[in-house]
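Asks: Sequence:
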Amino acid sequence: MALEWQLEKVAEEAAGQAVKDAMAAVFEHMNGGPGRGRRGGKELVRLLEEARGTAAGAGEWNVVRMLQDSLDYAQGLILRPDFDERYRLTRDGKRDRISLDYLAKTMWVTHRWMVEEGRDYLAEHPDAGMAEFLEHFRAQGEDALFMEAPEDRPGRWVIPRGRAETALWLERILRDGRIDIEDPALAARDIVTSPETLALLAADDKGQLIIQAAELRRRATGLEELRAVVEDPNALERDLQRALEGQHWIFGGRFVGEAAQRRLVPGDEVDIPLIRGDGALRIVELKRAMGLREPLVTRHRNAWVPAAQVHRAVSQAVNYLVGLDEDRSRIRDEFGIETRRAGALVLIGHPALHPDVPEEEITEALRTFNAHMSRVEVLTYKELLDNARRSLGGSGEEGDEARRTGRVPYPLPPEP
Numbered sequence: 001m002a003l004e005w006q007l008e009k010v011a012e013e014a015a016g017q018a019v020k021d022a023m024a025a026v027f028e029h030m031n032g033g034p035g036r037g038r039r040g041g042k043e044l045v046r047l048l049e050e051a052r053g054t055a056a057g058a059g060e061w062n063v064v065r066m067l068q069d070s071l072d073y074a075q076g077l078i079l080r081p082d083f084d085e086r087y088r089l090t091r092d093g094k095r096d097r098i099s100l101d102y103l104a105k106t107m108w109v110t111h112r113w114m115v116e117e118g119r120d121y122l123a124e125h126p127d128a129g130m131a132e133f134l135e136h137f138r139a140q141g142e143d144a145l146f147m148e149a150p151e152d153r154p155g156r157w158v159i160p161r162g163r164a165e166t167a168l169w170l171e172r173i174l175r176d177g178r179i180d181i182e183d184p185a186l187a188a189r190d191i192v193t194s195p196e197t198l199a200l201l202a203a204d205d206k207g208q209l210i211i212q213a214a215e216l217r218r219r220a221t222g223l224e225e226l227r228a229v230v231e232d233p234n235a236l237e238r239d240l241q242r243a244l245e246g247q248h249w250i251f252g253g254r255f256v257g258e259a260a261q262r263r264l265v266p267g268d269e270v271d272i273p274l275i276r277g278d279g280a281l282r283i284v285e286l287k288r289a290m291g292l293r294e295p296l297v298t299r300h301r302n303a304w305v306p307a308a309q310v311h312r313a314v315s316q317a318v319n320y321l322v323g324l325d326e327d328r329s330r331i332r333d334e335f336g337i338e339t340r341r342a343g344a345l346v347l348i349g350h351p352a353l354h355p356d357v358p359e360e361e362i363t364e365a366l367r368t369f370n371a372h373m374s375r376v377e378v379l380t381y382k383e384l385l386d387n388a389r390r391s392l393g394g395s396g397e398e399g400d401e402a403r404r405t406g407r408v409p410y411p412l413p414p415e416p
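For the sequence shown, position 113 (counting from the first letter as 1) is numbered 113 according to UniProt numbering, and the numbering increases by one without interruption.
There may be inaccurate statements among the hints.
[Unchecked claim] The following label-pair restraints were derived from C-beta to C-beta distances:
id : residue 1 : residue 2 : range
1  : E225      : A131      : 47 to 53 Å
2  : R293      : W5        : 40 to 46 Å
3  : E326      : T110      : 38 to 44 Å
4  : N62       : A139      : 23 to 29 Å
5  : R390      : A15       : 32 to 38 Å
6  : A15       : N370      : 40 to 46 Å
7  : E28       : L236      : 30 to 36 Å
[What the hints assert, rightly or not] Subject to a maximum C-alpha distance of 25 Å in a straight line, what follows is the list of computed BS3-like cross-link-like pairs (lysine-lysine):
id : residue 1 : residue 2
8  : K42       : K20
9  : K9        : K42
10 : K20       : K9
These are computed hints drawn from the structure, not numbers from a lab. It should be emphasised that the depicted structure is a prediction, and the values quoted were computed from it without experimental measurement. All C-beta atoms, glycine included, are put in the ideal place defined by N, C-alpha and C.
Based on the sequences and whatever the hints tell you, model everything.
Replies: Here is the structure:
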């Protein structure tokens, strides 16, 4: 009921009739049948996004903020206790005493256990210094993530020592390849907590190739799905956005993920916020591909140059960057995202829109245009797809060696 209660508060805040109608559509869907109100439902997310957009268009920014929280909760980005506390969803509006007591007792038990464990450690290592003492607890905390419940010891739990080190080794070899696992830490944890899988991996020097092959297949499937949307003349920006969500690898190896928040500046919502390895932000502005209604390039003085549609898209991206620059400190403090080195990528159009113009000339026109831009880059969807396809195909001496021998070198596991 947490989401329903929160949305009731949102509806109370709504002022304009259009916003109220959008909220009514949300409630109608949620009450339309069993199971429809569950978190993560695609239709519910779509209706919440529409309501958020309507509120933004009406300038009701408090409603926009609350609906963003609704979306985050519906998609599992906000946990239930945090969501409850944020909106005081209990009937009397008081803090949740049960959660407070639970947290207090957890802290009490944790500290009591640490004192007892610390005494035992110092009894066994009387010459240990502060650094060794702290390292002992740090390592034990990492191992605690792999806690086990032995079948032959009911009511007892075991923290296997050294399991975290083995998991870290697995995570590193999964990250080491040119094709990264979507979540190496999670993959490593799944492997290391299964003795059978761990034994098979140790005995099979091609284990990494099997995992990478599965990831390669997933990416190839996602790329083909994106290509189908790109080549659809009826596809809108939101269709392209859905096809690109969760596939940051398509934009190149510089990016390690997507930011959870798309609304970093009041009034502006970026299509895809990418995070580089150095923590810098790069926003992606999506325009139509084969459904572009205006020319991508135009003829000017015996040369092809970007048309007005491209210039408008670049101006929109520049406005986003200006807003990020002005709110840099707040964004860094609130979201932990660095916008000082932020850049923008505009995806627009497809060479097939101009069958009478050679693709090379369209690409060259955009590259010449990009050469004079410092923070904004323009690409066609065709070039993005081609770059992603080449990254899947692989190249270079290491790739040739891997295909020739069927082996990918990786480090040895830690000593037991």
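Asks: Each hint should be assessed against the structure and marked as holding or not.
Replies: Here's how the hints hold up against the structure:
1. E225 / A131: 47 to 53 Å: Given range 47 to 53 Å: holds, Cβ gap about 51 Å.
2. R293 / W5: 40 to 46 Å: Since R293 and W5 have Cβ atoms about 43 Å apart, the given range 40 to 46 Å holds.
3. E326 / T110: 38 to 44 Å: 43 Å, holds
4. N62 / A139: 23 to 29 Å: 46 Å, violated
5. R390 / A15: 32 to 38 Å: 51 Å, violated
6. A15 / N370: 40 to 46 Å: Given about 43 Å between the Cβ atoms, the range holds.
7. E28 / L236: 30 to 36 Å: 24 Å, violated
8. K42 / K20: 21 Å, holds
9. K9 / K42: 22 Å, holds
10. K20 / K9: It holds: about 12 Å lies between the C-alpha atoms, which stays within 25 Å.
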